[in-house]
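**Q** Protein chains in written order, with the working numbering: chain A, 1 to 106; chain B, 1 to 220.
Bear in mind the hints are in silico, worked out from the structure with no lab data behind them.
Just so you know, not all the hints are guaranteed correct.
[Unchecked claim] Computed, partial: chain B to chain A, Cβ under 8 angstroms:
1) Met1
2) Ala10
3) Phe42
4) Phe87
5) Val214
In this text, a Cβ means the ideal position worked out from N, Cα and C, and glycines have one as well.
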Amino acid sequence: MRTDVWAVIAGMALVTYLTRAPLLMMLSQRPLPPRLRLWLRLIPLAVLPALAVPLVLVDHGRLVLSIAHPPLWGAVVVLALAAWRVNLLVTVVVGVGVVAVLRAVA
Amino acid sequence: MREGLVGSLALVPSVFVYATVFGGLAVQAGLRPVDVWAMTLFVFAGAAQFIAVPMLAGGASAVAIVLTTFVVNMRHYLMAAALAPSFRGFPRRWLALIAHGINDESFAVAVARHDPPDPWCFIGSVLAVYGSFVGGMAVGTLLGGLVADPSRWGLDFAFPAVFLSLVAMQLRGRIDWLVALASAMVAVAAALVLPGNWHIVIAGVAVSGIAAMVLTPEAA
């Protein structure tokens, strides 16, 4: 593992604190502007798919849309289970299992 | 405070399991238990921690990881602003500590129970969530060391699986779907041409920003 893990963790802790403390400590009485609130609400909704979908569909800089690509089926199963509100651990275990089984038979 | 603690007990199992999954995968990815402990105690932000681990293991730059963390956690501004009026009269030193406890679950509990949110109910919930998050992580770091050869078991798919579940759990209205799909497409296109992990921050900030400018705030 790399040598800067502690520096990265310290940086993460600092920027995260900077998202929490300023507005709470200023005790601001004015609500944020509606458009800013909307943006702040939408950010996680945009970041998570931006993170997850390329992990499934992009492999070494190439688009993989083949039905013989196990992570694609894992993703379908995970999305279905999560949509049915199955708990996180079960969802992840089943998704991982599907990928492992498809790799073993392929 | 009691109300927040008791009111958050229903959340304890899911937070605990979430943190156990995190601790286990982080150790699997190559982090030492002491790193996982430090990150959990001092960052205390589940989604950002899940995102940082594969980036750390995959050799992403420190700047990319820290910036991604910031973007993912920008939603805290929303919660801090909404909670601030309830904390008038608290000593600043306390607020500096309480701020570290801001999290989605406790915010939801405090807002759902009182309007305006009750500060002590929030603090009680933070104690319950923080305790179960740290406890779950600790168990996870112990379990994570037990599995050898993770990719053989499909475990490399565990991180995408967690992220996809988090997306699916958050999608409520039509706007949410629109933003998530658009961001996924932009990110895939960007990932094909850009090196490293910059597609995450670029697609995440740009798509949510454009959506916030175009859509009517009342729609949210």
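**Q** Are the hints correct? Go through all of them and say.
**A** Hint check:
For B/Met1, the suggested interface contact is broken, since its CB lies about 17 angstroms from the closest CB of chain A, more than 8 angstroms. Against a cut-off of 8 angstroms between C-beta atoms, the interface hint on B/Ala10 is violated, since the closest Cβ of chain A lies about 13 angstroms away. A cut of 8 angstroms between beta carbons decides the hint on B/Phe42: the least distance to chain A is about 4 angstroms, and the hint holds. Evaluation of the B/Phe87 hint against chain A yields a held restraint, the C-beta minimum of about 6 angstroms falling below 8 angstroms.
About 10 angstroms separates the beta-carbon of B/Val214 from the nearest beta-carbon of chain A, more than 8 angstroms, and the hint is not met.
When held up to the earlier numbered hints, the structure conflicts with 1, 2, 5 and fits the remainder.
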